[in-house]
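**Q** So the sequence lines, in the order shown, correspond to chains P and V.
Residue numbers for the first sequence follow the numbering used here, beginning at 591 and rising by one.
Residue numbers for the second sequence follow the numbering used here, beginning at 40 and rising by one.
Please note: incorrect hints may appear among the correct ones.
Stated by the list, open to error - For lysine-lysine, the following BS3-like pairs were computed, each having C-alpha atoms within a straight-line distance of at most 30 Å:
no., chain 1, residue 1, chain 2, residue 2
1, V, 152, P, 817
2, V, 193, P, 671
3, P, 817, P, 622
Claimed, not checked - Not everything, but these chain P residues come out facing chain V in the computed CB check (under 8 Å):
no., residue
4, 620
5, 713
6, 746
7, 754
8, 779
9, 874
10, 875
11, 917
12, 962
13, 1036
14, 1040
The set of hints was computed from the structure by calculation and includes no laboratory data.
Here the structure is a predicted model, which means the values were calculated and not measured.
All C-beta atoms, glycine included, are put in the ideal place defined by N, C-alpha and C.
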Amino acid sequence: MWSRQRGRLKPLCCGVEELRCRRREREAALRKARREQQLVSKRLLRDEALEEAEEGCVAMIFGEAEIQQFLRLAQRGTEEKEREGALVSLRRGLQRPETQQTFIRLEGSIRTLVGLLTSNQALLQLEAARCLHELSHSEQSAVVEACLPATSYLLTYLSGHSSDFIELCLYTLGNLIVESEAVRRQLLPQGIVPALAACIQSPHLTVLEALGYALSQLLQAKEAPEKIIPSASTDSSVLGSTLPQHMLQLLQPGPKLNLGVAVEFAWCLHYIICSQVNNALLITQGALSTLGLLLLDLAGAVQRTEDAGLELFLLQKQPSLLPEGLWLLNNLTANSPSFCTSLLSLDLIEPLLHLLSVSNVVSVLVLTVLCNVAEKGPAYCQRLWPGPLLSSLLDTLAFSDTEVVGQSLELLQLLFLYQPGAAQAFLQQSGLQALQRHEEVAQLQDRVHALQQTALHG
Amino acid sequence: MQLPPALHARLAGAPGSAEPLPVERDPAARTAPFRFAPRPVRFPREHDFFEEGDVQRHLYLQDVLTQVGGAPERPRVPEFTCQVAGCCQVFDALEDYEHHYHTLHRNVCSFCKRAFPSGHLLDTHILEWHDSLFQILAERQDMYQCLVEGCTEKFRTSRDRKEHLVMRHLYPVDFRFDKPRKSRGPVMPGAAEQVLAEAPGDDGVPSEVDAMEVCSEHVEPPPAPAGERRAYSHRIPSTICFGQGASRGFKRAKKRNKHQ
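Sequences are here, hints too, so could you generate the full structure?
**A** Listed below in structure tokens is the structure:
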């Protein structure tokens, strides 16, 4: 049956360098697409075992006559194997965009396919669904939108019990969803959200992952913050359904956590939360504690030392997470004396300082977090002192990035203000020279001079 | 978990579990030229901050990254036959059998042997086709429930419900899982409407016991351009049936009372 194409490197067909190159190209294309707000990616499900068996048979381009013949055979053939075989051939042909185009332009073709999708023959149903899936993956809008007559059935089948079939329907729906707002304008009144909410209770992991994918596509839509997420929506709304609770349940850390499933629902939550529709509701449903515990669990899986650490160690191992992690720390510490106190008492300052050399963006975030702590007054600055903080600051003053230096100056001012002896120590460690290089920089000079004055004259 | 338990407990518990240090601000702190003020930051969806993450996400979807889940092995097995009485379908893969079973034998009506894609549709069918109490109640109140999950609308007749499905839920005019009942027993008030609704030539009796859809063999449905929707009520195509099912009898009032 269906398994997923796992990004397996097909042996010997291309070298490592070519793969890297391809990946860089893909990344660049994605960045460009995102900037143009055209970020669309679809998932294609193909049976690896079937592919191997069919190896050597390159997908052909079929013309009208051939397609018609396949359809006729599938619909009215006498032998079951014959009917299935016809659909299999059609499905393989539909891997080619040319065949797809011909297919959708053929009168009655979709109608026949939908008829087979809803027929009494289970295997014909499956093959018909696979054909639709190929169409749903197309980059041509016309091909994808040709699948619209099938959607009410795809949704109906979500309440069924055949996990492979449901998985296929879900991936097809996910591909359709992401195609255009026109498609979503049909799917929403047809009840896609309640259908997904019913389906999320399935015990099958493959179904759940597919569901997460489909839902993430729905939530990523441009109109999602107004039309799909809020509970006030008339048709169906995600926040008004039981979906958030189930999602959070599937993100609980522990032995039952499945990463493939968790990844999908984590993205779903991200889209909901950054739409900022009703995050308070999610918090009442336990989002913060679930996500916090999950993060801890993942951090625990990564770090192996006994030293104090939390996501900071995770951050050190996973540098791509640094901005997000530090952003989180900023929001936690900004207005919370408790969190700032925790940061200090758990000896997390030093690990933070280690991150200062990673990049400018990260450095600014680290310095901001430190400022959040320092601005709370003498009791806090006392705990920041003495220690490696001063020498770290002198290092950052050597940076050329204005934002990094600016944030360092802010922190210095707070230290001078709240911590007796800080200014002295600064002078002794050639702080003035460090400041000098920025005396002429427009955004910095006022603060530089102010600090020079404070250091010299108290 | 590798973190020391005390640390874990502390982090997992309320942030205020230790006494916070006293806050004491000097007004000189925020005077010009210094301007730092702590504040939580929010990024809107489209912000560049999320670009890196979004790119990783889409690489993942496109299968360029190594995926986290594993694909289970799907082996072929020696041929075997479906064990349900009267069914002689043969299989060589368990998953094929699973789908066959669920499609044809799982949600089957014990009265008329029609199969349905879901328990929900089966329950609705039993109620509307085989429950005489339903017929009686239907004379006085709206009993035909909308088929879309989550929609609590009810209608006086099956035809009204169909209109609702088409107009409100954008369902196809010839949706295969919503067929008005062909009355075979004593004529009941209201049934006349339904009989009229069906095109001649459709005998309503399944030709094969297993067939889910009587008319699948000769589907020549009318074209349905958008403009036809308005005229729909006068012309319900004949190619609609409820399908056939496996043994399940009544599931009483419980489901009826379940409202979203």
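**Q** Going by Cβ atoms only, is residue 746(P) closer than 8 Å to chain V?
**A** 6 Å, holds
**Q** Go through the hint on residue 962(P) and say holds or violated, using the shortest Cβ distance to chain V against 8 Å.
**A** 4 Å, holds
**Q** Compare the distance between the alpha carbons of residue 193(V) and residue 671(P) with 30 Å, and conclude whether the hinted pair is satisfied.
**A** 43 Å, violated
**Q** Given the hinted pair residue 152(V) and residue 817(P), is their Cα-Cα distance within 30 Å?
**A** Cα-Cα ~42 Å, so violated.
**Q** Holds or violated: is the Cβ of residue 713(P) closer than 8 Å to a Cβ in chain V?
**A** Given a least distance of 6 Å, the restraint on residue 713(P) holds.
**Q** Regarding the hint that residue 917(P) lies at the interface with chain V, is the smallest CB-CB distance below 8 Å?
**A** 6 Å, holds
**Q** Would you mind confirming whether the straight-line C-alpha gap from residue 817(P) to residue 622(P) stays at or under 30 Å?
**A** Judged against 30 Å, a Cα distance of about 26 Å means the pair holds.
**Q** Min Cβ distance, residue 1036(P) to chain V: is it shorter than 8 Å?
**A** At 4 Å from the nearest chain V Cβ, residue 1036(P) passes the 8 Å test, so the hint holds.
**Q** Residue 875(P) was flagged as interface toward chain V. Is the shortest Cβ-Cβ separation under 8 Å?
**A** 18 Å, violated
**Q** Report holds or violated for the interface hint on residue 779(P), using the least CB-CB distance to chain V and a cut-off of 8 Å.
**A** 5 Å, holds
**Q** Holds or violated: the hint that residue 1040(P) contacts chain V, with Cβ atoms closer than 8 Å.
**A** 6 Å, holds
**Q** Does residue 620(P) meet its interface restraint, that is, does its C-beta lie within less than 8 Å of any C-beta in chain V?
**A** 5 Å, holds
Checked against the numbered hints above, the structure violates hints 1, 2, 9, 10; every other hint is satisfied.
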